[in-house]
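With the hints as extra help, turn the sequences into a complete structure.
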Amino acid sequence: MDDTMKITHSQAFKTFTEPLGRNNPISIQSLGICSALAVTVQIKTAIVMGLSLTFVVAFSSMIISLMRHHIPRNIRMIVELSVIATLVILADEVLQAFFYDISKQLSVFVGLIITNCIVMGRAETFALGNPPGLAFLDGLGSGAGYGVVLATVAFIREFLGSGKLLGYPVIPQSFYNAGYENMGFMQLAPAAFIIIGLLVWLQKALSKEKG
Amino acid sequence: MENLISIFLNSVFVGNILLAYFLGMCSFVAVSQNMDTAIGLGFAVVFVLSVTAPVNWVVWHYLLKPGALAWAGLPTADLSFLKLITFIAVIAALVQAVEMVIDRFSPALYGSLGVFLPLIAVNCAILGTSLFMAEREYTFLETLTFGVGSGVGWMLAIVSMAAIRIKLRYADTPEGLQGFGITMIVSGLMAMGFMLFSGITL
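Chains A and B, in that order, give the protein sequences.
Using numbering that gives the first Met the number 0, the first residue of the first sequence is number 0, and each one after it goes up by one.
Using numbering that gives the first Met the number 0, the first residue of the second sequence is number 0, and each one after it goes up by one.
Certain hints may be false.
Unchecked claim - Quick list of the computed label-pair ranges, beta carbon to beta carbon:
#1 F174(A) with E136(B): 49 to 59 Å
#2 A69(B) with E92(A): 17 to 27 Å
#3 L50(A) with Y61(B): 51 to 61 Å
#4 L78(B) with A177(A): 32 to 42 Å
#5 A88(B) with F97(A): 23 to 33 Å
I should point out that these hints are in silico values taken from the structure, not numbers from a laboratory.
This structure is a prediction, so every number in the text was calculated from the model and none was measured.
Just so you know, even glycine gets a beta-carbon here, dropped at the ideal spot from N, CA and C.
Now the structure itself:
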């Protein structure tokens, strides 16, 4: 009895933490970067995007897992899509109601969570074959891992691009007086691609060192 | 007319859905290994986009937009919150129809494109184009142009990427950067190239 408890606990823990580090959705699985990068000019939008995605992926995994014995195999995509779309609409409506400015900045990208490969991928590969509790944790971990990468990219872009963090200037005026300039390039789309490329390199190098 | 040309050029180059808005990345990374499949998928995306964007425009303008149901005697109805789920359903249905038509008339094409079509249904580029169409309030002709232009832009990006990756096989890429990493960096460089077109105005 004691042993089984331990196993489920460690398995649940692993399900949650695995996507955060070693199995991180953005860089290793290379999925779901679609809509991620467009919202990484500022940390604030990136965090909101990460939270919305975590909400959607966690609950969609749980709901799909609850229904997994009742979904006919050949229409499972449609069922999954309608669950995901409903949750995304919820998230979008909440953002529009309570965080109108951020929702305007995120523009179409919240809606694009529907087609985000992470959500669909977790539903297909994990939720259909695992109990709801684990599926929920797996979704939570995947979403959080995605959020961490988004926030990292956004941190680099906002810090180097406009000298601010979360909208507050952090680079002292004396630096600017001494000739420091913000890197306008960081605000443009190509910078996001290059940062992701370099982050993947860093992660691979680190994971190899660990063995 | 000039307006349409500028929408077209803008969606192909400066506002390229892949390189400026990061849409359709998943299939872009997965499929750009091979020239033939890249061209095939490119055509499939152009085709699907030029069908789905106008159809979604019709749905948006006559069913969902605030006040769109005036023709049915419901001028105050606002179904715009159904936008996401309706668009994705329309796209999935159309992709399914396209798949059946291709299967019926060109088994050879089906053999090479068939695998990609389900992928396209969840391609962010397709849904993204429809959402942009609704957000930017395009007219019908503008939507058609924007759909075709976005598709052509996406195809241009994936085909050039496939060409670059063929060359990259002979390059001495650092080990950790191989595969996904270098693809991202090359896309970044390509995006920079595409941005140079932003100086051109009609």
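Cross-check of the supplied hints:
For F174(A) and E136(B), the hinted distance range of 49 to 59 Å is not satisfied, since their beta carbons lie about 43 Å from each other. Separation of A69(B) from E92(A) is about 24 Å and conforms to the stated range, judged on CB atoms against 17 to 27 Å. A hinted range of 51 to 61 Å is violated for the C-beta pair L50(A) and Y61(B), which are about 35 Å apart. For L78(B) and A177(A), the hinted distance range of 32 to 42 Å is not satisfied, since their beta carbons lie about 57 Å from each other.
With their beta carbons about 28 Å apart, A88(B) and F97(A) fall inside the hinted range of 23 to 33 Å.
The structure fails hints 1, 3, 4 (numbered hints given earlier, in ascending order).
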